[in-house]
Structure formats: structure tokens, C-alpha cells
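Quick note, the sequences are listed as chains A and B, same order.
Per this note's numbering, residue 1 is the first one in the first sequence, and the count goes up by one each step.
Per this note's numbering, residue 1 is the first one in the second sequence, and the count goes up by one each step.
Read the hints as simulated data drawn from the structure, not as lab findings.
Heads up, some of the hints might be wrong.
Stretch-level coverage of chain B by chain A, calculated; a stretch enters the list once three of its residues show a Cβ under 8 Å from a Cβ in chain A [stated by the list, open to error]:
| no. | segment |
| --- | --- |
| 1 | 197-209 |
| 2 | 305-313 |
| 3 | 317-328 |
| 4 | 335-342 |
| 5 | 355-368 |
Glycine is no exception: its CB is placed at the ideal position from the N, C-alpha and C atoms.
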Amino acid sequence: MDLSNETLQAMIAAYDGIPLSEAELELVRPELANYVAAAEQLRELDLSAVFSGRLLRMAE
Amino acid sequence: MAASDLLQLTLTDAAAAIRGRKISPIELTEAALAEAERLQPVLCSFITILYDQARREAKESEAALSRGEYRGPLHGIPIGVKDNLATAGIRTTVGSKVLADYVPDVDAEVVRRCKEAGAIILGKENLEEFAAGMTSNNAHYGAVRNPWNLDHVPGGSSGGGGANVAAGVTFASLGTDFGGSVRLPATFCGVVGLKQTFGRVSQRGLLVTSFNGDHIGAMTRTVRDCALMLQVLAGYDPLEPSTVPVPVPDYSALLGQDVKGLKIGVPVDHYFDLLNPEVDAAAHQAIAALEGLGMSVREVSLPMMKYAGALRFPAMADSVVTHEPLIEKARSQYGVDVLYRTLAGQFVLGRDYAKGMKVQRLIKEEHARVLSEVDVLVTPTAPIPAPRIADKTVVLGAKTHPVRGPGSGSVSRNTSPSNSTGLPAISVPCGFTSSGLPIGLQLIGRPFDEALLLQIAHAYEAVSPARGCRPRAIQRK
Numbered sequence: 001m002d003l004s005n006e007t008l009q010a011m012i013a014a015y016d017g018i019p020l021s022e023a024e025l026e027l028v029r030p031e032l033a034n035y036v037a038a039a040e041q042l043r044e045l046d047l048s049a050v051f052s053g054r055l056l057r058m059a060e
Numbered sequence: 001m002a003a004s005d006l007l008q009l010t011l012t013d014a015a016a017a018i019r020g021r022k023i024s025p026i027e028l029t030e031a032a033l034a035e036a037e038r039l040q041p042v043l044c045s046f047i048t049i050l051y052d053q054a055r056r057e058a059k060e061s062e063a064a065l066s067r068g069e070y071r072g073p074l075h076g077i078p079i080g081v082k083d084n085l086a087t088a089g090i091r092t093t094v095g096s097k098v099l100a101d102y103v104p105d106v107d108a109e110v111v112r113r114c115k116e117a118g119a120i121i122l123g124k125e126n127l128e129e130f131a132a133g134m135t136s137n138n139a140h141y142g143a144v145r146n147p148w149n150l151d152h153v154p155g156g157s158s159g160g161g162g163a164n165v166a167a168g169v170t171f172a173s174l175g176t177d178f179g180g181s182v183r184l185p186a187t188f189c190g191v192v193g194l195k196q197t198f199g200r201v202s203q204r205g206l207l208v209t210s211f212n213g214d215h216i217g218a219m220t221r222t223v224r225d226c227a228l229m230l231q232v233l234a235g236y237d238p239l240e241p242s243t244v245p246v247p248v249p250d251y252s253a254l255l256g257q258d259v260k261g262l263k264i265g266v267p268v269d270h271y272f273d274l275l276n277p278e279v280d281a282a283a284h285q286a287i288a289a290l291e292g293l294g295m296s297v298r299e300v301s302l303p304m305m306k307y308a309g310a311l312r313f314p315a316m317a318d319s320v321v322t323h324e325p326l327i328e329k330a331r332s333q334y335g336v337d338v339l340y341r342t343l344a345g346q347f348v349l350g351r352d353y354a355k356g357m358k359v360q361r362l363i364k365e366e367h368a369r370v371l372s373e374v375d376v377l378v379t380p381t382a383p384i385p386a387p388r389i390a391d392k393t394v395v396l397g398a399k400t401h402p403v404r405g406p407g408s409g410s411v412s413r414n415t416s417p418s419n420s421t422g423l424p425a426i427s428v429p430c431g432f433t434s435s436g437l438p439i440g441l442q443l444i445g446r447p448f449d450e451a452l453l454l455q456i457a458h459a460y461e462a463v464s465p466a467r468g469c470r471p472r473a474i475q476r477k
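Chain A on its own, in the form it takes in the complex (with noise of 0.2 Å):
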């Protein structure tokens, strides 16, 4: 998955995000990678069925 600045540029135009330069994209973009790497990853886990939660619970 390729995020072109001008995505990222569009995403923070439409969602009133705190504005970046094309330089200041590139600063952010070895940080972004990993994101994209790990979402891609993602696509062959099946998450339907899963349910979110925090809680530990002590042993019985």
C-alpha cells in the first residue's frame, strides 16, 4: 500500500488534521511505514470474531 503525500495531504484537509509539509511528510514516513507494514500484515487474519478487551483477572 502506497500512501502518495497528496493522500496524506487529503486525509489531513478532510479530517481537520494538524497540517504538515511535503518535508514534514517525509519526517513522518518511517513511522508511517511501520503502520502500513503492520495493517497490510493484518489482511490474511480473520477479525470478526473477535472481541476487544482490557481486563486481568486475578487466578482463581
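Chain B: place on chain A using the hints.
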């Protein structure tokens, strides 16, 4: 006892000596302040040293003892507090220029508990800007240096605390851990660091963070000291909804008891994938040592860890929401590393956030299954020893990874999963590289079963090749 000898005591021994009136809070605090002053130009481990307040508290502490009042297990003990934990009337910068003049009205709950137990706050400790990284190379307050080798980072983000505990400036330091920020300084500085179960310790007063996985924990020189600190910190806080109203056990009760017959799980997935060879060797030697103590060792499988990268999605989105008002107000005062790492979070889709939460659930279930078969998981705490301060990248496997800022995070690949699962995890020194840098072993346990984790860590500590070792780089000439 000479001042330098006082600072070599463990917290437990110093506390006993104070209670027995063998040493006074005043002499202990003066010794710690003198060492803090001597080492600050070397380690850059504090943002604020509280000379006057610490002396005042030490006098009050001494006077209380004279009246026969013993406040608690930290009576007269000098400790450090990371500068992202609120301290009433004392500036709390969060390592940032944005909050350089921020002075909270109230103490963080953990600070209140430590004071109630008698602690003397020596100072506010340096950290990565906004606690968002693992180097503690702070653009505004200077780079914290590792007492074992001053050219290397102490780890982060609670690097000032790790350096101070290792150097013998503080007897314990309070850190915060959102991806390993207590355990990484512990491993890189050769001390003990515990991130207890999520919900065990109140986060109230922890500033500019995400609700999703941050923890406050202590770094100490021994496991017993760590148990003592957890005893002070643990407990339900009705004003902090993430704390859980479960009983607080005696965390020292199991220390010294036989670990024979307990079961260790060694994950075949993720945790041993990308290791520096010396870290790998030290971890396996530690596992052999645990086996030598009579514990049984078996491999365990955590296949969902393949998707561990998704655990970061919620944190990315949380982070941008947390920082948004500060960025709008004072963007130019942000360091570039934290600013651009944070701003990537605005591109996280809601769908991916939800997927990240579901992956978190799957990984939690998988850890719960495995921890029903073994008592603890054992992993290296960090995949590498402490990088040099000047290093911009590290090599893990065959790939180059950034150490700081956008795209970093690989160094915390073994610690950050426990922030998402909420499971307790402790780092204990387990050896050194050929160049003398510390290596840490991580033990991961069942929810709210820190007592067992501490029991095993304590048993290992006694046979660790790192036992009794102290850094030489900062010794008096």
C-alpha cells in the same frame, strides 16, 4: 560509615539501618545530594535536584525518628522521581520545553504514597522528551549517560532514574513504562526494573500519556528492594478507574523460598527472533541457570505475536490526541523526534485501531493460555545492549532500524507486548557484553502474580553473573 559506603547499601539495608538508628536520614540524604551534585555534570540524570526540599524533609524525618515515629518502609530513604510524574509545587517538565515552567498543584498518587512511606524526594529525573523513546537523549535537558560507559545511552524513557540507581545516587527511582521505559533503562544500566500488572498501581498524576498501556514502576538495585517499592506503590485508587480493587499481598513473602519445580516457558515466537549474539548467549545461560535452580524449562508457542506490530496502532492514535492541544499551542517548542513520531498517529484509521485492539485480545488470550501451562515466560529484556549516544540506527537481524524518533521502536520489541497484555514483567541483570555493557533478563508472569515473579527473579539474582557488579565509569578518581 563513610558517605560513599552508605550509598552502596541496598534500599532494604538502608531502611533497616535507619529504623535501627544506626544511620540518620540527614547523613544519608547529604551523601546522596553530594553524589547527585558530583555526578550531574557527568550523567545529566536530573532535570531538577531538590537540595533545599530534600534537606528539609531529612530534618523532619530525623525529628520524627527522635519522637519514636516511623513513617513506613521508605523512612529517610532518598529516591528519584521521573519528571513526568506530578510533584506539588515542583516544576514537572515531562522532559519538554513546552512544559518547562509547569508546576502541578498536587502530587501524583505514587509520589504521595512514597512520601507517606517516609521517602525523601531527591530530585526530578531526566527522561526522553515526553517519555517517547528509549535513548533519554533529551534535546532540551541534555543526554543522560550510562554509568557503565558514558558514551552509551542509559535506555529510556526513564533513563535518569536507571542511571541514578545504577550509580548509587538514589536507592530507588520511580519511572514510567509505556513500551519498556522502566525495563529498558533497567537492562541497559544493570539494575532491576518492574512493570507490574496494569491496574495494580495508580497512574493518577502521570502526565501527557496514553491511557492504553502506560504503567508507573520502580527501578532498584535488587529484587528485594523492588518488592519493597511495589509494596508501597500497589493498591486500589478510587480516583483512578484503571486500578483494580484486588488485595495487595506481601510481595516479600516468597523471596528466598525454593523455586524447584516451577515451570519456565521459553517462547519460540518473536522474543528470540532478532537478538544481538551476546544478548542471545546471556539469555540462554540465564535459562540454564534457572534450570540449575530446579525449575523445568519448556518451549512455548505464541504464534499471534507475528502480528505484534498492530499493538502499536491504539497507542499511535492515543498519542496524537494527547499531544494535539500542546502541538497547536507550542509546536515550535517540540523536538523533531517526538513531534514527527507523534504526528504519524493522525493517519491511523479507526478500522485499524479496532483491529489493533482485537489483536491485543488475541495476544492476551495466547499469553493466558501459555501461562496456564508454565509459571513464567523468560525472554531477553532488550534485543541489543545499550547503543552509543551518537548512534542514529541499530542493526537487528539484517535490517537497519532507527534508534530514535519516527520508525523507532524495534529496541522495545520484547518489552512493549507486556504493555498491551497488561501482564507483569521484570528485568533482572543477567550478564555483560564483552565490552562491559549490562544485559537484562525479562520474566513475564500472570496477572496480579507479582509475588511469584519476584520470587523467581530473586532466586535468579543470587546466581546471576551480574550479582554484586557496580559501574566503574563513575567511581571517584
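Verification of the supplied hints:
For the segment 197-209 of chain B, the assignment as covered by chain A holds, since 3 residues bring a beta-carbon within under 8 Å of that chain's beta-carbons and 3 suffice. With 6 residues bearing a CB less than 8 Å from a CB of chain A, the segment 305-313 of chain B meets the requirement of three and the coverage assertion stands. For the segment 317-328 of chain B, the assignment as covered by chain A holds, since 4 residues bring a beta-carbon within under 8 Å of that chain's beta-carbons and 3 suffice. Restraint check on the segment 335-342 of chain B versus chain A: 3 residues with Cβ-Cβ distances below 8 Å, three needed, restraint holds.
Three residues within the 8 Å Cβ limit are the bar, and the segment 355-368 of chain B against chain A gives 8, so the coverage statement holds.
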